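Novice: In case you want the letters, here they are:
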Amino acid sequence: MLMLMSVSIFGLSRVHAHVISVLSEGILTMRTVDEWFLSMLESNGVVILVVTVLTLIVLRLLFVIHRTGKPLRPTAVKPLSTLIVLGSGGHTAEMLNLLAALQKDRFYPRYYIAAATDNMSLQKARSFESSSDDEIFLRLVQMGKDKAEYMQIYRSREVGQSYITSVGTTLVAIAHALWLMIKIRPQVILCNGPGTCIPICGIAFLFKVLGIRWSTIFYVESIARVKRLSLSGLLLYKLRIADQLYVQWPQLQRKYPRSILVGCLM
Amino acid sequence: MGSNGDGVSSKKVVFVTVGTTLFDALVRAVDILEVKQDLYAKGYTHLLIQIGRGSYIPSRSSGGDGSIAVDYFTFSSSIAESLRSASLVISHAGSGSIFETLRLRKPLIVVVNEDLMDNHQVELAEELAERKHLFCARPQTLHQTIVSMNLDSLLPYPPGDAKPVAKLMNRYL
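Same order as they appear, the protein sequences are chains A and B.
For the first sequence, full-length UniProt numbering begins at 1 and goes up steadily by one.
For the second sequence, full-length UniProt numbering begins at 1 and goes up steadily by one.
Be a bit skeptical, because a hint or two may be false.
To be verified - Partner residues are not named here, just some residues of chain B that face chain A (Cβ under 10 Å, in silico):
no.: 1; residue: TYR56
no.: 2; residue: ARG103
no.: 3; residue: PRO107
no.: 4; residue: ALA162
Claimed, not checked - Far from chain A, by Cβ distances over 10 Å, these chain B residues were calculated:
no.: 5; residue: ALA25
no.: 6; residue: ASP31
no.: 7; residue: THR45
If you're looking for bench data, these hints aren't it; they were derived computationally from the structure.
Quick caveat, the model's predicted, so the values are computed rather than measured.
Glycine included, every Cβ here is placed at the ideal spot set by N, Cα and C.
Just need the whole structure built from these sequences, with the hints factored in.
Specialist: Rendered as structure tokens:
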């Protein structure tokens with residue numbers, strides 16, 4: 001197989017070289033543009049094009065033949081570092097419900113982020129991490145691979161805060177989010193609604209554009225959203241920042257066609 | 001309904017919860033004499049109210065002599081026990097309370113708080129009411145809902161499943 005490939009590549013490159021030399025000779029001896037053009041059309045141009053296309057087709061054919069019969073993915077699943085954004089009350093409950101359904105050895109290591117003023121969410125995440133009794137998780141504990149980290153992030157704006165000071169705190173929140181994202185550079189981001197996810201997803205998008213890290217963003221809209229998306233969901237949908245936006249009710253899927261209906265998760 | 005034989009009366013509790021919110025309108029709506037009488041007439045013996053951050057304090061009553069017993073508390077670490085021992089739950093429209101109650105298959109009346117700005121919670125309550133998993137009311141219409149409710153018309157809520165999302169996410173990656 002390799003012999004055949006290398007022979008054909010060699011052969012085709014020889015043809016290429018010959019055609020290019022003839023063409024350049026032609027260019028050097030041509031006096032006028034018209035004559036040059038005619039000459040091109042007459043032979044060398046068409047020949048080069050045809051030969052190039054044939055080369056590509058043959059190479060692709062050889063590649064496909066080579067790969068046929070081989071499994072598509074490597075058998076071992078690579079773990080993906082996952083950032084999980086938690087929000088108050090119902091948001092955290094829904095997120096933990098979702099996490100319970102994910103394989104712990106694929107979405108690993110896990111980083112939990114909650115707002116600085118949210119006391120309950122990280123606690124709930126900790127007890128979720130330590131209470132799992134599934135076999136895979138226990139195996140990970142034995143291998144020392146059950147690391148999860150918990151971080152707090154500054155809120156852009158507290159309820160009732162004046163708008164003037166909000167500008168300052170929002171900038172602080174964005175800077176803090178940037179710092180955390182640079183440290184973690186997650187491969188997967190999971191969020192389901194709270195405002196804390198907006199600076200994080202915005203920075204993830206920036207990282208994608210700059211080529212720093214491609215974080216796949218999964219946004220799961222809350223089950224409480226039946227007819228309208230939340231503000232976070234709407235932003236991520238309209239700005240096309242979320243890679244996949246899941247909704248739990250059919251009305252939402254009809255209204256936002258690029259969203260994906262997953263049914264009630266709770 | 002009422003007492004069993006042998007003089008042992010069955011205790012039927014109506015549990016009212018506002019979660020972590022402030023929802024005086026609901027507590028007031030339930031603390032009305034006619035409402036309590038109608039609940040008693042339907043066979044409920046006890047009314048337990050979780051008042052949360054509310055400032056309106058209902059009056060306790062030990063019941064007996066043809067009236068419902070009333071008690072209240074502010075918070076508990078988990079309302080699961082109160083939900084489990086209830087025969088009827090009247091709750092604010094928080095999704096956590098709603099689904100916790102539906103999972104326990106308890107008859108549920110959800111009362112929507114009209115004082116909340118941008119009340120998106122009402123969407124969930126109305127949708128589930130349309131699907132006949134619970135009754136939906138406002139504080140002013142709660143009494144009417146209690147009087148006219150037919151618990152047999154309620155359909156059990158099929159438990160949700162997060163596995164489809166996990167599958168979709170794995171396939172995407």
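Novice: A cut-off of 10 Å on Cβ-Cβ distance, and B/THR45 was said to be off the interface with chain A. Does that hold?
Specialist: holds, 31 Å
Novice: Close enough to count: is the Cβ of B/PRO107 nearer than 10 Å to one in chain A?
Specialist: Violated. Min distance 19 Å.
Novice: Are all beta-carbon distances from B/ASP31 to chain A longer than 10 Å?
Specialist: For B/ASP31, whose nearest Cβ neighbour in chain A is about 26 Å away, the distance exceeds 10 Å, so it holds.
Novice: Would the hint on B/ALA162 stand, with a C-beta cut-off of 10 Å toward chain A?
Specialist: holds, 4 Å
Novice: At a threshold of 10 Å, is the proposed contact between B/TYR56 and chain A supported by beta-carbon distances?
Specialist: violated, 22 Å
Novice: Minimum Cβ separation between B/ALA25 and chain A greater than 10 Å?
Specialist: Its Cβ never comes within 10 Å of chain A, the nearest being 20 Å, so this holds.
Novice: Let me know if the C-beta of B/ARG103 comes in closer than 10 Å to any C-beta of chain A, holds or violated.
Specialist: holds, 8 Å
Consistency with the previously given hints fails for numbers 1 and 3, ordered from lowest to highest.
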